[in-house]
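What follows is the residue order along each chain.
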Amino acid sequence: MRTPGSFPAAAGAALADVQLRTNLRAATDTIRSKRDRVVRELSDWDELREAGRTIKANVLARLDEYLVQFEESVERAGGHVHWARDGVEAAAIVADVTLAHGANEVVKVKSLTTDEIELNSALAAAGIDAIETDFAELILQLDGDWSSHILVPAIHRNRTEIRDLFARTIAPTISSDDPHELVEAARTYLRERFLRARVGVSGANFGVADTGTLCVVESEGNGRMCTTLPEVLVTVLGIEKLVPSIPDLEVFLQLLPRSATGERMNPYTSLWTGVSADDGPQEFHVILLDNGRTRVLGNEVGREALHCIRCSACLNICPVYTRTGGHAYGSVYPGPIGAILTPQLIGVENAPSLPFASSLCGACYEVCPVKIDIPKVLVHLRAESVRVAGTRSEGLAMRIAGWSFGGSRRFAFSQRVARLLQRSLTRGRASRRLPGPLAAWTRHRDLPPAATESFRTWWSRERT
Amino acid sequence: MVIALFITCVTDTMFPGAGRATVEVLERLGHEVVFVPEQTCCGQMHLNSGYRKQARSLARSLVRTFADYDVIVAPSASCVGTIRESYAELLGGPNPLASRMFELSELLVHHLGVEDVGAAFPHRVAYHPTCHSLRVLRVGDAPLRLLRAVRGLELVEPDRANECCGFGGTFSIKNADTSAAMLADKLDSIEGSGAEVCVALDGSCLLHIGGGLSRRGSQVRSLHLAEVLASR
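Listed in order, the protein sequences are those of chains A and B.
Numbering-wise (my numbering), the first sequence opens with residue 111 and increments by one.
Numbering-wise (my numbering), the second sequence opens with residue 3 and increments by one.
Only chain B is shown next, with the shape it has when bound in the complex (with noise of 0.2 Å):
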């Protein structure tokens, strides 16, 4: 299958690890990795912090760059979330990428079909479910299904797993304070679960809370979803 890859901005330029084991899995289960290199951002951050015509924009572009391809994937769940729930009233018509972008452990688990993708990551992993996988996309428990079948792999639950870890985009900057202190929380409840890294499926949400791990001089290190699945 060909498969279009939106690598996302904040995982260009951050992780782009991420990307690359993105590509590496999808190859590795047979698969054609497209890149089309016009494509920039979503447009989450400016419709989130009110600026809509900015955000109309870059939907717009988004929609043209990806107009070829009938199968898009992105390592993260707030951008997939932020395509799928607002593109239509931001562009005020149809959105034509509702069906066709897919975040990518909903890719494999619920549309290929696939859980076992021959990993091995012999650590104990915190989950984090990230609030957009969770409650924009519904994406269930196809993330811990992906991380069950690693082999070696020891799956640990952090309490309060649901909760927000702060970040919400420019709320971590508007919102310092309060969003530090749901971090710490998080980190708490990451830290106490005797996980060795925390995994999430949003480079953001790892973002913040590997900056919150790096800030605390912490043993445990963040890692995205797409790099544990293409360890071997």
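Just chain A, same shape as in the assembly (with noise of 0.2 Å):
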């Protein structure tokens, strides 16, 4: 998995992106009114959520039993049960089936855990052509680019700039960058490989305990094409992505769509269990992918971000993410989900500066499907980082301010003393320049003069 650089730093390039802030702006927009009106639908809605949060802890307390009762599921069905406790095995896994079979090239499902732990390039090591079939993840493959958001990898990217890449590389002959132009691009370089390929991967959206039945929610049908028309399939599965059984599934394919693309119900859900004689792939294997998630399951504050379902409305909400986009985050699980998944998966050490990528306003929360505590998991990341990252400047900040707020004569004195220094700085008008850490915040704001008279002086002079 990646390492996320500091986030402050990468957020500081993005922002100097102006086209970029106006491109997501605008599809962060439109996203967030279709949501907006679909979920005002729903009189239920908040029972929904509650009852997704629910069947999730459910899991996640008892993850070892469905574990298991799902490896007897899928073997019950015909299907192979492999269990890979990072990246690399799991790669090694998908390498071994394809080599096995012969063939050097898999037809891939947007999958954000093969993501994860990047499986293609793993692939590629091993001789193998891993090819992205979802239209966004094509773009972000062909140009080399990797995805800025959990749903709509490609947001950062406009149609002139598809255009011209296609036409570098797929379509010479394309000229206009007419979305179903771009899109007939897409399928004829696609429909070829579909149907050569001996080999499909993919991830899944849930994996149902008691039945062994994958689920997967697309909105192009090319993800069914991979499930269906090769002779093999692959599916690297997170192993928090469990329900217990099919009727869960009703509560979270109602939670998905309406949070994620703002539609009532999803184009293409498809799912299968095990293999069927005579229809789709006729071997099947899963493979049950840790990757840091024990890890995370052992933080008694943090497992929640295991709940989530991958819908992105967080990051659509974000007004963080909204300027600065995905890349910012260095993680295939960008904005605020990813700011509390990332530094868990991989260590909070790998990735300090990520708790602090939010003001905590509380939008996230608020829209979760899942009800994923974000803000309440962002502030008790946030003292794990000072513990393994905290400088020792910000720490001295931090006890001389717990000592003045230690008793009312401190306070009074250091209420004084900033008084004093202000002034001698600025001479009674606001601060337009300040040393040190507040230069920081006069960078983009004044600091308004500190009152000449605090409220306990005024009070302790005319009321006692």
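Nothing false has been slipped in among the hints.
Below, in silico cross-link-like pairs of lysine to any residue (SDA-like), each with a Cα-Cα straight-line distance of 25 Å or less:
1) A:K486 with A:G500
2) A:K486 with A:V498
3) B:K176 with A:A126
4) A:K486 with B:E91
Don't read these hints as lab results, they were simulated from the structure.
Starting from two chains that each stand alone, build the complex the way the hints lay out.
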């Protein structure tokens, strides 16, 4: 998995890109208003959210049992189950299965989990060409770029850029940036690959423990091509994606499309169980992937990040994400959910700035279809971040602040000192340039002069 | 009714006028306001920045400070939000302040049943619903009800009113560029609304918005809700 760099530095660079901000704003505004409209239609939306949360919490509490049950169910239905501790193990299994069938090419369903483990580059190293078939994923793959949004991976690209890319790669004769022509070019390119592919690779939105059923939710139908046409299908499933039984899907198949694309019902919902004679792949493998998930599970406060159903509503509403875009988060999981999931998957010490990439405005919690209290987890992870990567200067500043709040006399004294300091710098006017860490404040805003008399001084003068 | 005032560290230091206005409004309504001088800070900055030890000690001391009061008011939604939502977990036990600490507008409208406080303020006002009043305390339209009852006041609604101004405590320092981008959009929408005054019920957000307006040389002023309610 990628290791993110400093969020503030990456965000600073992204913020300078005016086109990116305009693209993002337009795209997220559209999805948001669609989502709001269809969510308002349901009078039981909040009960649905509560149900989603309850099912997920139950699954995590008994994950060991559900995983074994799922394994038995898949095998009973004629599938093979593999367990992978990390991305390297998972990729090796995919490569082994592919090579065992003499194939050197796989077609892929859009899958965050396989992006997380950088499956494509691992397969390339084994001599296997992995072809992304989701329209946006294909764009990114052709350009050597990577996803900046959970659901709309190429949200940072516009039509003209895509036309130019296709002209350079899969459709030399294309001249128009009309969406229909762009899609037609991709269709022509992909159709040939669907028909010749012998191995398909997917992730999954849900795995059903008591039947062994897998569920993939997508909009284009290209995913279904990958899960039905090849002889062999390999699914990489994060261990947190289980639900106990089929009726549980009823809750999530209402929550997910409304939160994700603002649709009442998802266009292509594929469910399959093991193998069926003369229909679809005749060999099916599922790889149960940990890759840090049991570490997240061990965090009592942070584990609810594993409830996530990857709808991306929190990205679209987030005032930080909608300005910086996804790449600033340095992970395939960007936005508020990424800020709590990535540091837990790879260790807070490897992403110490991500828990701070939020103003704690709470908009993400409000829209989350499974009620993940993202602000609470962020605050929890901040304490861990300070513990493993806190700076001495900040620690000192916080201790000084703690001391000055430690009693009313100290506080009144500190108020006087701050007032005198500010006055000596600015002579009673608003501060426009302050030294030290406060320079980051005055780079963009003034600091009004501290009041000549604090409230407590006024009170003791007037009222006692 | 005896009402204890939790002034909050930011209001005490930067906006004592909002504190005096809070006292004035409550006294005008016939209540007795008490100020306990031992109070300092609720610990929000420490808690949200990852310094739990200091936050816990500040929380303990605030609980002690207000032990004798049944109704406590603070002119700040984010401080009340911290106290109400985080103290139980922080203190590792019951939160004695949870049911006794109120933000000013929720105290007036939801608990005292007052909307008209007898104020007059003949200006065009944009109300900025601060994140913690909206999404943590869920004060709903309580501030708007109070503002609508103010004589001469004309309310205007900025675009994307519910979006964060970008303050976020130390976020404004640690992620200054992102915070500034959020602030710029917020200021555009406030100025675009035609307001003369931007009103909110959190001193910290007003520090941010006011600091941004001042840097722009804007004609729009920022004021705390209490200051509008105290005007006549």
